[in-house]
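K.L.:
Here the protein sequences come in this chain order: S and R. Residue numbering for the first sequence follows our numbering, starting at 3 and increasing by one per position. Residue numbering for the second sequence follows our numbering, starting at 3 and increasing by one per position.
Do not rely on the hints blindly, as some may be mistaken.
Unchecked claim - Keeping only pairs whose Cα atoms sit at most 25 Å apart, straight-line, the calculated DSS-like set for lysine-lysine is: (1) S:Lys157 x R:Lys604; (2) S:Lys157 x R:Lys596; (3) R:Lys199 x S:Lys596; (4) R:Lys157 x S:Lys604.
What the hints contain is simulated information worked out from the structure, not anything from laboratory work.
2 protein chains.
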Amino acid sequence: MPKVVFLPHAKEVEIEDGGSLIRAAMDAGVHINASCGGEGVCGKCRIIVEKGAVTDGVSERLSDDETAQGYRLACLSQITEDVTIRVPVESDIDASVLNLPATPRKTARIRQYNLNDLKEKGLFVPPIEKRYLELPPPTITDNLSDVTRLVSFLKITHDEHRLEVDLSVIRKLPEVMRTDNFKVTATLARPVHEGSKTRIINVQPGDTTDKDYAIAMDIGTTTIYGQMIDLNNGDVLSEYGDFNGQISYGEDVISRIVLAEKEGGLDRLGDVVIATINKIITRIIKKAGVNPDDISTITLAGNTTMTQLMLKIDPRFIRRAPYVPASTLYPPLRAADLGMTLGDHVAALVFPQVSSYVGGDIVAGVMGSGMYLADELTLYMDIGTNAEIVIGNRDWLACAACSAGPAFEGGGIKHGMRATKGAVEDFSIDPLTLEPMLITIGDVRPKGICGSGLITMVAVMLETGIIDNRGKFNHDLDTPRIRQIDGIWEYVLAWQDETQIDRDVVLTEPDLDNLIRAKGAMYSGCMTLLENVGLTVTDIGRIILAGGFGSYVDLEKAMTIGLLPEIDADKVTFIGNGSLLGAKMSSLTNRIRKDIVEVTKKMTNFELSETSSYMDQYVAALFLPHTDIDQFPKLKARLEARRRHIE
Amino acid sequence: MPKVVFLPHAKEVEIEDGGSLIRAAMDAGVHINASCGGEGVCGKCRIIVEKGAVTDGVSERLSDDETAQGYRLACLSQITEDVTIRVPVESDIDASVLNLPATPRKTARIRQYNLNDLKEKGLFVPPIEKRYLELPPPTITDNLSDVTRLVSFLKITHDEHRLEVDLSVIRKLPEVMRTDNFKVTATLARPVHEGSKTRIINVQPGDTTDKDYAIAMDIGTTTIYGQMIDLNNGDVLSEYGDFNGQISYGEDVISRIVLAEKEGGLDRLGDVVIATINKIITRIIKKAGVNPDDISTITLAGNTTMTQLMLKIDPRFIRRAPYVPASTLYPPLRAADLGMTLGDHVAALVFPQVSSYVGGDIVAGVMGSGMYLADELTLYMDIGTNAEIVIGNRDWLACAACSAGPAFEGGGIKHGMRATKGAVEDFSIDPLTLEPMLITIGDVRPKGICGSGLITMVAVMLETGIIDNRGKFNHDLDTPRIRQIDGIWEYVLAWQDETQIDRDVVLTEPDLDNLIRAKGAMYSGCMTLLENVGLTVTDIGRIILAGGFGSYVDLEKAMTIGLLPEIDADKVTFIGNGSLLGAKMSSLTNRIRKDIVEVTKKMTNFELSETSSYMDQYVAALFLPHTDIDQFPKLKARLEARRRHIE
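In isolation and in its complexed conformation, chain S is listed as follows:
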């Protein structure tokens, strides 16, 4: 990876080949003015290439002279070799500003579940296995039924006992057996419960043991993701995500429930989500190039409402106190019975729920991340509109859902948006000029702010004193970017002519309020759970962050604003889509399927609204980072150092 050295800061950073120079600066903690998001519009991100060369970076905004002197626009420059870059310091900026204690930029790496570990521990035992059999053909003195022949042979040659044969297999067995002279491959589905029977769910002529596939699926409120998994080695052969077709009926679970209560609504929502699922199934089958008959199981994880809608179970009592879901456990089902375009033999396993607002997606994350086997006290967070928290270890698990509100997904924020092209996802500010450096998704002119960008922005503003711990702008600062419009204070991230929208992109004090309430809900949820089990934040040995949002958030920034407890970044694991991970992992090791019921029962649900200490915790968390700064000792030290420096 090429190396970039920034002068005069003497900061060094490695970046992937072809990465943008502005991204390298952000990673190095070097501020370069840039408010157009990386599209070269504002022309402010001028730098000088002192050693080596960058690719591109030339612009009409630079004169020929400047270009000849080595000036480039950072946002248009790609790093393809080692370079030394000088950031021009404007005369009115005190160089000492550059030495202010900055937030260390560090994001824990996404942890891949270690399949080899499973294999070594003998836990790589998929719930579906294929067995190739060369059966003796029947004779008049040995004319057992076809099923008995199959079952007896499996008993003798593979020590398989207590087998049950599905009707669909009985129906096809006579022909399949005689297609390749009684050479067949039987697909065995292991029982989830000890003592239950192994089912023979499919038979195929000849030897197909090398073709053994499963589908894992995350049924999200907004998006649905599916993966085709090779059960012989755990490889993901294809994956595809799409918007849940239900979003046209409402963005959140509550609006879906409201529709489901109307005449025909439940059927419609059920059909729509199954249609999306079928679309994804078709795609991943095609992408992976597998024969559908070789797919034997589909595992689905979703929150409680999504699960009930998918199964066409009336969700009305989920949204009404006392918030009772229909069920937390589901029996093994047939995918075809649920309307899925999969073979008659395909078993559908639906992840169990804990409560109305801690659903199968969270159970899947707890199982798939291995948290339920952890020795150390672990905090699992899935951050989103409905944020869920699980605290515990192998011995106990406590969980709660926080109604964080939609701020993390851009909701309730004036220029909030989903994390799509044009969203400001990274941010830095010059503490003297108060000029910003923006990076947008797709490196285009900014359209708005996504959740992870918002967190970073607020953290930076807090550390640089642009805002105070109540989330109010420092109105005394001398910059046109901080202004009051119609009585509301705001900071202009990008001026109208630098944006994709025909107005300024701003961050307002009400935006800050909303973010503080969202992060306060989450943090106080954690604190309430800890308090209820007699522990404190210092007892936490590991944090697992799940969710699409969790994968993009800057960890240290999230700690700075008090969204996450302050903990060594090495102890934080990002698992991405925990729901999908759990669905996948449980397709690969039957151990998870067996453990799941006990784990679900073990997960003690707290209704925060009914937990007496929650409101106190919440009020205390409505500050940046918190009323009690001592809970964030590193941040406290940085803020104090900064104050000393300025004084």
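Add chain R to chain S, keeping to what the hints say.
P.N.:
Relative to the frame of chain S, chain R by itself:
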């Protein structure tokens, strides 16, 4: 019951109030000439009422004088009080004839399975049970899911563990629970296999424990019978039988299989039999006046071909050597999945098979009759076109199918017919005049001969010397009824003007040959099984006769022709439709469902065509009653006594 005394024989018999005099004579072993079957056409059955009075019996065939003297036609007279009847003896009949040793007329009574026995032994435990529960309503501090609430309460209050809840129940539970303030009735389906889970298959608001029903069904090649059973007391609330809709596609299983092999044939036959089943279900629901939602299970027993056709499993290999059925065991199925018009929650249990020609109907009979628990050596016979035999006791069971041919169902007999209106079902002959007394089903003019009538006829003719032990008529007898037409000898049962058809009804020597082959196939089947297990006919402690045919056959007559081994009539049990009995009993006691798999495995199937001794046994059985008359000592004694008497 009124009493009838016949003079000069001084024979006395009781008959049900309103029964016909000719039937009383038949029961008493008194011969009265009558060849018109009881419709008063031939006018031959004249008797004199000496004491008491009969109802009706007056006819234009009697002169006013005769009527005044007390003459009546026996076939038109009903017995409604005690009477003494004189049978006029024609001058040319030696009275001694009346004292010839006659076949004792005795038919073992149909045994009803004793439900009280089951109850006393604690075995009256239906696989379906209902439990009424008054659940505590949820609160915010007790907001378990509806399913968890139900399952937990069942655990605490009814000690029910290892419960699994069907999706259909989860779907309806939220509403059902809240209909009657959390008072619900749960329907529990017990597992067939130890170690498996009890399933909650239905929930209903309020207390419905007194409404708990099951359907038992016999899927026959020709007819299908269904019963609605009250699981609270074992009562049969309604029953209905109908022709299997498949009969329009062929009379026997082979013709059905041939059709099933054609394009679309299997689907058609499957749909047709399900249509008949649904028709019967609708009828018995209506007749019993039950709420379909209170029906929880349907148990179906049928032969191997009927079972495979019902389940749409290709039966082609059943009719081809080496005669391999697709399966002998079926997993628990959902009735709705099979196309039955029953609730989603209704479980369908399909009786297992032993082989291609010993099917679920026979297994059901073995289970339902309790034979599989018997100490004594028991012979179970289901007599029909495809006759099945089981020999054994609680320790072992051997079985075989005999291709008896259709003679017992009237097939291959010149005037053979099914046991419907107009079929001669009982028969007596005057050994001197050789005039017959016929009784037909429905007391109408004869149309033909049914299986049980044929057996009686042949037995009577054998004992009276009309035919010899090879089944040939005694051509020397002086009567117009024995004659040769186109080289074939025959006996005229009824003259053209006495019949419903416009020709004589006759019994021919080829008819006798066919009957002998049919009974020979059955008897030699029994002997082959006995020989293979090292036993003889004298070891048999009990005979169980099943099948519609078995219920009508005159037991002693069947022994006389050598269809059944000669055994004390008290040791013979008629169970009627054994298949339906088994289906019913297994609905009432889960013990049977649990035992069934082991019993089926225990039933050793013999392919008679491949058993070396079978052909020898068969040839030896092609006599009346058998080559070895010593196997029928009582008949031998009677025949010898008769010979002495005549000499």
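K.L.:
With reference to the structure, classify each hint as holding or not holding.
P.N.:
Hint check:
{"no.": "1", "hint": "S:Lys157 x R:Lys604", "verdict": "18 Å, holds"}
{"no.": "2", "hint": "S:Lys157 x R:Lys596", "verdict": "21 Å, holds"}
{"no.": "3", "hint": "R:Lys199 x S:Lys596", "verdict": "15 Å, holds"}
{"no.": "4", "hint": "R:Lys157 x S:Lys604", "verdict": "18 Å, holds"}
Violation of the numbered hints given earlier is absent; every hint is satisfied by the structure.
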